[in-house]
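*Asks:* Chains A and B are the protein sequences, given in the same order. Heads up: the first sequence runs through residues 1 to 211, numbered per the working numbering. Heads up: the second sequence runs through residues 1 to 238, numbered per the working numbering.
For the record, the hints were derived by calculation from the structure and aren't laboratory data. Note that this is a predicted model, so its numbers are computed, not measured. One or more hints might be untrue.
What the hints assert, rightly or not - Restraint-style ranges between C-beta atoms, simulated for each label pair: (1) A:Trp153 / B:Asp203: 43 to 49 Å; (2) A:Thr164 / B:Asp195: 50 to 56 Å; (3) B:Glu126 / A:Leu170: 49 to 55 Å; (4) B:Glu126 / A:Arg182: 33 to 39 Å; (5) A:Arg182 / B:Asp20: 16 to 22 Å; (6) B:Val10 / A:Val105: 35 to 41 Å; (7) A:Val135 / B:Gln180: 39 to 45 Å; (8) A:Val105 / B:Asp20: 43 to 49 Å; (9) B:Gln180 / A:Ala45: 54 to 60 Å; (10) B:Val10 / A:Trp160: 47 to 53 Å.
Claimed, not checked - SDA-like cross-link-like pairs, simulated, lysine to any residue; straight-line CA separation at most 25 Å: (11) B:Lys212 / B:Asp60; (12) A:Lys155 / A:Val142; (13) A:Lys9 / B:Ser138; (14) B:Lys212 / B:Ile223; (15) A:Lys9 / B:Ser113; (16) B:Lys72 / A:Gly195; (17) B:Lys212 / B:Glu70; (18) B:Lys177 / B:Glu33; (19) A:Lys155 / B:Gln87; (20) B:Lys8 / A:Gly195; (21) A:Lys155 / B:Asn42; (22) A:Lys155 / B:Ser174; (23) A:Lys9 / B:Thr135; (24) B:Lys72 / A:Leu191; (25) A:Lys155 / B:Phe167.
Backbone N, C-alpha and C fix where the C-beta goes; we use that ideal spot for every residue, glycine too.
What follows is the residue order along each chain.
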Amino acid sequence: MIAPYLTAKTWLHHVSAGWKLLALAAISIAFTQLTDWRGLLAAAAAVLALYLLTLLGHWSRLRLYTSLLPLLVGIGALQAYASGWEIAIASIARLAAMILLADLVTATTPMLAMMDALSPVLRPLRRIGVDENQVSLAVALVIRFMPVLLNEWTKRSEAWRARTGRRPPLRLLAPFAADVLRLADHVAEALESRGFSIKRSQERNQEENKD
Amino acid sequence: MPQSGDGKIVLRNISLARQDRPLFGGLSLEIAEQRVGLIGDNGAGKSSLLRLLNGLLLPDAGTIVVHGLETKVQRARLPGKVGFIFQNPEHQIVFPTGAEEIAFGLRCTGMPSQQADTAARAFLAEHNCAGWADTSVSELSDGQKQHLCILAILAMTPSLVLLDEPFSSLDLPSRMKFMQMIAALPQQVIMASHDLDVFADFDRVIWIDGGKIAADGAPSQVIAAYRQRCIDSIGRTS
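Work out the full structure, taking the sequences as your base and the hints as a guide.
*Replies:* This is the structure we're talking about:
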């Protein structure tokens, strides 16, 4: 679930990004270990309560989840058909809880703080020639541009509907993909023009390594 | 304050091909004026020329020196001296809040993160935009987004600001406010725009046509010549 940062301050805003990411990872692992549907349902209810209490007054954010509902229902139906309703409930509860937790972290963590927390964790990637600053920037970019991309898709769909009166078909994905690539080009130019480039980032790393 | 520079831009015998099509062939140009406008049809080479000046594009042949920096040799130092404002602020804003957007540019110049955050907040306050520090950029109007983009560039204290059709998404009040802001900048400004009225108070306007300089001089004369060419070309096609 990718939704914007919540600028109104909650208690979770004051917890450091590193602790939040660590807790998110630990709880997510715990959720994958839980298999009993009753336990998972109770845990998911606890997560929902935490979510609602933390984002008190900002529950309209939950509206963003309506687009996810068909996906959850689909997964549930498939699981119920293939493995029975207990497993279906367990899967949905696990997925919903993990999405809510991830959203709590995104809603209460500034992007630069998230990047700073991720960079040291990703540092070992340097050994295989991957720059951690770029990976953490990539994560930040995904979060920032998801609403922009959704908006672009809406515009494409509206243009299609206006001309045909029908729902947008899958083949609309091809021009949309072209839009996304064009957007990526623009953003890369904007980053480069402000001095964030692969070469500079590598030079910085080399300088840090020398120190 | 803007960084010092000799304030001069020199292009010598520039060649550049885009998508295997030659755009500039032996273009030479010197710019020392504080306010310079670029006009011309779509695809004439305005955006490419601006991109050559901040090193986003490098010439296939020839040299470009911008405020003492040779773009081919000192490309990495250009972002500290040359700020670039794009057509669509949505493409330029990378972070979800105002303070982060400003701080990112400062961090790119090597400033430590904590210091960059403090400086970004102080910079916004200095420009009467303290309220944007923790505001989600998605809540800003198009005019405010473009305003934030220019603040993010100014925070990096460039000596030259390039603007590539910055008005296309702005309504009239935002456009007027933005022009007022540009007029007050201490930096050298080079701007490409299809809105010819904005160049009235500029020192110089250059009309680019098919990668060549079609006219160059005082805004009133160059713009009049361009308008006339447009009228003539409509007459020929109708």
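*Asks:* All the hints need checking, so say for each whether the structure fits it.
*Replies:* Here's how the hints hold up against the structure:
no.: 1; hint: A:Trp153 / B:Asp203: 43 to 49 Å; result: holds, 44 Å
no.: 2; hint: A:Thr164 / B:Asp195: 50 to 56 Å; result: violated, 35 Å
no.: 3; hint: B:Glu126 / A:Leu170: 49 to 55 Å; result: holds, 50 Å
no.: 4; hint: B:Glu126 / A:Arg182: 33 to 39 Å; result: holds, 35 Å
no.: 5; hint: A:Arg182 / B:Asp20: 16 to 22 Å; result: holds, 19 Å
no.: 6; hint: B:Val10 / A:Val105: 35 to 41 Å; result: violated, 51 Å
no.: 7; hint: A:Val135 / B:Gln180: 39 to 45 Å; result: holds, 41 Å
no.: 8; hint: A:Val105 / B:Asp20: 43 to 49 Å; result: holds, 47 Å
no.: 9; hint: B:Gln180 / A:Ala45: 54 to 60 Å; result: holds, 56 Å
no.: 10; hint: B:Val10 / A:Trp160: 47 to 53 Å; result: holds, 49 Å
no.: 11; hint: B:Lys212 / B:Asp60; result: holds, 16 Å
no.: 12; hint: A:Lys155 / A:Val142; result: holds, 20 Å
no.: 13; hint: A:Lys9 / B:Ser138; result: holds, 17 Å
no.: 14; hint: B:Lys212 / B:Ile223; result: holds, 16 Å
no.: 15; hint: A:Lys9 / B:Ser113; result: holds, 21 Å
no.: 16; hint: B:Lys72 / A:Gly195; result: holds, 15 Å
no.: 17; hint: B:Lys212 / B:Glu70; result: holds, 22 Å
no.: 18; hint: B:Lys177 / B:Glu33; result: holds, 23 Å
no.: 19; hint: A:Lys155 / B:Gln87; result: holds, 19 Å
no.: 20; hint: B:Lys8 / A:Gly195; result: holds, 21 Å
no.: 21; hint: A:Lys155 / B:Asn42; result: holds, 24 Å
no.: 22; hint: A:Lys155 / B:Ser174; result: holds, 24 Å
no.: 23; hint: A:Lys9 / B:Thr135; result: holds, 11 Å
no.: 24; hint: B:Lys72 / A:Leu191; result: holds, 19 Å
no.: 25; hint: A:Lys155 / B:Phe167; result: holds, 21 Å
When the structure is compared with the earlier hints, violations turn up for hints 2 and 6 and for no others.
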